[in-house]
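Novice: Combine both chains into one complex, guided by the hints.
Note that the protein sequences, when read in sequence, are chains Z and P.
Residue numbers -5 to 171, in this note's numbering, belong to the letters of the first sequence in order.
Residue numbers 91 to 448, in this note's numbering, belong to the letters of the second sequence in order.
A hint or two may mislead.
Quick partial rundown of chain P residues pointing at chain Z, CB under 8 Å, derived from the structure [what the hints assert, rightly or not]:
{"hint": "1", "residue": "Phe226"}
{"hint": "2", "residue": "Val228"}
{"hint": "3", "residue": "Met261"}
For the record, the hints were derived by calculation from the structure and aren't laboratory data.
In this text, a Cβ means the ideal position worked out from N, Cα and C, and glycines have one as well.
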Amino acid sequence: MELLSAHGATLLFYLFAAVVIAGAIGVVTLRNPMYGALCLLATFLGVAALFLLRHAEFVGVVQIFVYGGGVMVLFLFVIMLVNLHRLREVRMFAGTAPLAAVVATLLVGMLLWAVLARPALVRAGDTAALGAIGGEQIGNPQALAWVLFRDHLVAFEAASLFLLVAMIGAVVLGRRR
Amino acid sequence: MSWAWLDSLRETIGQPQFTLLFAPAAKFLVAIVVILLIIAYLVFVERRLLGFLQVRLGPNRVGPWGLLQPIADILKLLIKEDTIPNRAVRWAYLLAPCLVVAPAFVIFSVVPFGPSPNAPGAPRWYVTDLDAAIIFVVALASLGIYGIILGGWSSNNKFSLLGGLRSAAQMVSYEVPQGLALVGPLMLAGSMSLVGIVESQAQRGLWFAVPQIVAFFIYFVAGVAETNRNPFDLPEAESELVAGFHTEYSGVRFALFFLGEYANMIVISAIAVTVFLGGWLRPFPSIEALAFLDLIPGAVWFFLKVFAFLFLFIWFRGTFPRFRFDQLMALGWKWLIPLALANLMVTGLLVVLLNGRT
Chain Z
-5 MELLSAHGAT LLFYLFAAVV IAGAIGVVTL RNPMYGALCL LATFLGVAAL
45 FLLRHAEFVG VVQIFVYGGG VMVLFLFVIM LVNLHRLREV RMFAGTAPLA
95 AVVATLLVGM LLWAVLARPA LVRAGDTAAL GAIGGEQIGN PQALAWVLFR
145 DHLVAFEAAS LFLLVAMIGA VVLGRRR
Chain P
91 MSWAWLDSLR ETIGQPQFTL LFAPAAKFLV AIVVILLIIA YLVFVERRLL
141 GFLQVRLGPN RVGPWGLLQP IADILKLLIK EDTIPNRAVR WAYLLAPCLV
191 VAPAFVIFSV VPFGPSPNAP GAPRWYVTDL DAAIIFVVAL ASLGIYGIIL
241 GGWSSNNKFS LLGGLRSAAQ MVSYEVPQGL ALVGPLMLAG SMSLVGIVES
291 QAQRGLWFAV PQIVAFFIYF VAGVAETNRN PFDLPEAESE LVAGFHTEYS
341 GVRFALFFLG EYANMIVISA IAVTVFLGGW LRPFPSIEAL AFLDLIPGAV
391 WFFLKVFAFL FLFIWFRGTF PRFRFDQLMA LGWKWLIPLA LANLMVTGLL
441 VVLLNGRT
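Extracted from the complex, chain P is given alone in its bound form (with noise of 0.2 Å):
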């Protein structure tokens, strides 16, 4: 047996035409399938968590603690037929669950999951690196909005459709504040890039929810709302709606919106932690004590920070009754927009002030 094409495929590799357009190709599978793992056992943590919360066991009978359980679902969902209602508007119904996944996906390669030094044949812990990142992940995020609305109109059912209505003008209320709250740490980094705003975060040895706590608040329940979990999630209050947008779903097309959903509670977690809490940064980074966690990798403590925005997510599941629409109308216009406008105004004048720039 000859080793040539191993010689061959390594020539390949080397050449920088195959690393500009395979080497991000790659990196993003690499992400989108750790990503996938991800939300298999969040789904399955999820549920034993509210089991716990609620005073009952949660899911432990598939293999040991019930760790297998994941599989199994996965499994059910693929094998199970895929119904569509007699008088749905077929190419809609069949294309939206789609919609919902693919954004949210996309947005994972904009973000930094690790430190990236310039030293050269250094590893880089992203895909791409944007000069528009932060808006370009808002713009994303709000074009997943489109798959629940065609869902719920193509499934020619009223409870799909009000559901699809609901999300409408929840995602366009609570878009509006999520990207204000976002703009306050833009300004105090001066970068619009994910890696530009982590970095700059590394410099002042501060993450950017000490200062834009309020910032900080704002996004992640705005953010809450967006991903339509608990207390938000009136597109389908089950005791309203049966199951609002995805009534008509089952099987593979369902699982799709279920993995929508999911993708984008890591989403508004990752956005949040590099934004906010110093992406791959340590804890207190500026105090030289604590130097020695920095022994942990970037990766590491990138994504810890996200599971705990995770867990939160659930918590807040198990604890908090839904909003009537009203009030949710009312949190979003009256009170989060006004609060991030005047967020705005004043980390606009003390950057101003502090940089002494006109």
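So that you can see chain Z by itself, here it is in the shape it has in the complex (with noise of 0.2 Å):
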């Protein structure tokens, strides 16, 4: 008992961690779309989690709500529309793979050149600094609008901008056909 309140917070962080990577792994290897969905559903709640772990509730929830319940039932949608047994068989993204290679090992390269060189941009998730503005302790989705809204106002609206192209982008496509 005394062990689970003193290291909880880190045996959790270890548990969530192994269900996100082999959720990850499952998507690559598995040949079911069916069963790779639902590996992809298990890193997603995974990584809300984690959030959860780090005390950041709303990023968390809004994770479960839009990965979790939006963006995979979707998927799930799709999977089950099409003819499973004829996808099987079709091997897809064969020839890429040295491509994926070299764009995983840019990825993990600055993702270790960030938490190794710059510890500062680690330790700006931490909640204390979060969770208080201005000397006062606010909540955790007021922190986040005043992060989002104020300091980091026009990168927002630039994503959002970015996001609606895309948007409409695929409105304008999916008229051609």
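Specialist: Structural data, given as structure tokens:
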């Protein structure tokens, strides 16, 4: 019991990290798209749990809502609509392995650089720093709102503009067929 | 006989760790048992009411006025054989009903059933008061659908699969207006905690259903759709899909799907009451002449309002014919979502103008 309360958060972190990694491996290795989608769901929920462990309740719950409740349901919908037996025999993306290796190496390198060379970046997500603004203790969603809509407003608006462009593009492409 | 064990028990209960860990668990358990009891009799009330609406009697044979009918139903479902189709995907087939029930019950951990004054020692009528409770509710409600999708897919039956597909499309479409409708009252209250929202309504002496009548309407319509109830019961449309996603299920697992549907009805009602109808507040909280109504405890008001909503659910079922699928999609995407967005903009504008904040 004492061990659990002292190291509970660390134990839970490794548990959910294992879920995330196992799910990610399942997504790329399993041939049945239904199982692949369920593995992706496990990864999403594991990431949400990691957010909750860092006391980022708002982000964690939104992760469940958007990816768990929205995106994955649409994935499953499409997988159930198409003919599963036909799909299983198709080898897709077989020739892109070298490219994938390069992209993956770059991504891992960037993450490692961020963690090792810039420890301040990692610590920026500290709960104490996020929970108190102007010396006043405020709730989690409020803290997030301050950071998003005051400190990084331009970046936020630019990102939403990109999303709008992508959405209009999808509608245009969908109409053409 | 010595009573030392009682003293040691009392000591254990008095410790802060115990309160921290076990008090919420105990409260949650009590909430679940109460909800289960309500569900057992809700099914009975539904059958009786539907009977009256259709000019017949409904089940009235087991016990006085048929009051023991739920017990007979539960016993029958428990001892019935739990069949599994030969070519079903076993683990998903067995897991699916649990996935429908679990999220619905977890939501009750953030619902405030009654007033919780800040005085020390006063009882708290909720299990936990989350900062982001509203999003927590919407997120968990959106997870319940996996049980339906998995159940429909793993049964290896075309009717089940079609039911699961319809359910996926329906839930994704109606989650959006449901979530948007909740943002209006949230902006008025300036809080995402369900306790905070009710307290804000108490301060203003106004149920949010009055300024947010549009959002209230949208929320309830989307809520009926989310629970797969009439007139939105396309995932289990008897006349087209046999029984939809739970065609192959029987016994306990069928009962779990059933339980999940009714638990979700209570969730939708409880959230609607909390956010729009003042939760545990009495009617017309600003009128002093009605102060004597405060003699009735808050939890009673809460459950009275919830029961009114549940009655509405049953009334709908007895009254409306089922939507066609294209009508369902048109209603969700072409009417409810634009309406919810417009309501959001007007509310945001009014909040900024009236509060004078930028």
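Novice: Each hint needs a verdict: does it hold in this structure or not?
Specialist: Hint by hint, here is what the structure shows:
Checking Phe226/P against chain Z: minimum C-beta separation of about 5 Å stays under 8 Å; hint holds. A least Cβ separation of about 6 Å between Val228/P and chain Z falls short of the 8 Å threshold, and the interface hint therefore holds. Below 8 Å, beta-carbon pairs count as interface contacts, and Met261/P has one with chain Z at about 7 Å; its hint therefore holds.
Of the numbered hints stated above, none is contradicted by the structure.
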